[in-house]
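Now for the letters of each chain:
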Amino acid sequence: QKEVEQNSGPLSVPEGAIASLNCTYSDRGSQSFFWYRQYSGKSPELIMSIYSNGDKEDGRFTAQLNKASQYVSLLIRDSQPSDSATYLCAVNKAGGGNKLTFGTGTQLKVEL
Amino acid sequence: GAVVSQHPSRVICKSGTSVKIECRSLDFQATTMFWYRQFPKQSLMLMATSNEGSKATYEQGVEKDKFLINHASLTLSTLTVTSAHPEDSSFYICSADLAPIYEQYFGPGTRLTVT
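Going down the list, the protein sequences come from chains A and B. Just so we're aligned: 78 in this note's numbering is position 78 of the first sequence, and the numbers increase by one with no gaps anywhere. All you need for this note's numbering is the position in the second sequence, starting with 1, plus 1000.
For reference, chain A alone in the conformation it holds in the complex (with noise of 0.2 Å):
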C-alpha cells in the first residue's frame, strides 16, 4: 500500500461543474494535510492546508479531513479551464519531522 494514495486520472470535469479529488494516507497518526497545484513544467503551489477533521473552505476550494477513514479530498466549486493541472496531496506523517510524504498527483481537466 503506498504511503499516500491519489488516483493519477485524467479527471474530466465540464466548466462551471464541482471537481472533487481525493486522497487517502496510510499513517494513521499523520497530522497535518496539504493539497498542491502543479501546472505543467512548473513547480508545485501551496493551495489548501488542513489539520483538523472537517471542512476548511477557501474561495472555491474545500478542503475536507476525515481522520477515522484516512481522507482528504479537495473540492473546487464553479471549476475553470485555468483549473487545468496536476494536483498533489502532501501528507506530515507522525514521526517524519517535518517531512511531507506526496502522492503521485490526480491530473484534472477542466472542458469548455
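Pairs of lysine-lysine, BS3-like flavour, derived with a Cα cap of 30 Å: (1) A:K2 <-> B:K1066; (2) A:K42 <-> B:K1041; (3) A:K2 <-> B:K1041; (4) A:K2 <-> A:K109; (5) A:K99 <-> B:K1066; (6) A:K56 <-> A:K2; (7) B:K1064 <-> A:K42; (8) B:K1066 <-> A:K93; (9) A:K109 <-> A:K67.
In case anyone wonders, no lab produced these hints; they're calculated from the structure. Please read all numbers here as calculations on a predicted model, not as lab measurements.
Could you slot chain B onto chain A? The hints should help.
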C-alpha cells in the same frame, strides 16, 4: 505569502562539469529547506532535507558526494550537482518550510540539461 526563489531557472552543461543551484527564502527565515527532483510525468522525489548550520540528511539512494548541499544561512541553501551526467538531467525544485506548521513553499525550479 511565503516566497521562495531559485536560480538559475534553466541550465545546460556538459557532462563532467558541476552545476550549483541556489534557493532563497525571500520574506521569511527557513530553518529547513528541501531539495526535490522530478523527472517528466513522474512525481516529486525528495532528495535531501537541509537544516541551517548542519549537514543535510539525504534520502536513501541519493549520493551525498554527488549532490552537495550547503545551508549556510536561514535564507539560502545551495545544491551542487558534481560531475554531472546526462542521467542527472531533471527538474530540480527546492522548498522552504514555514515552521511550525510544516507548510512547504516551493521555488520555481531549475531545469538541468546535461549534454
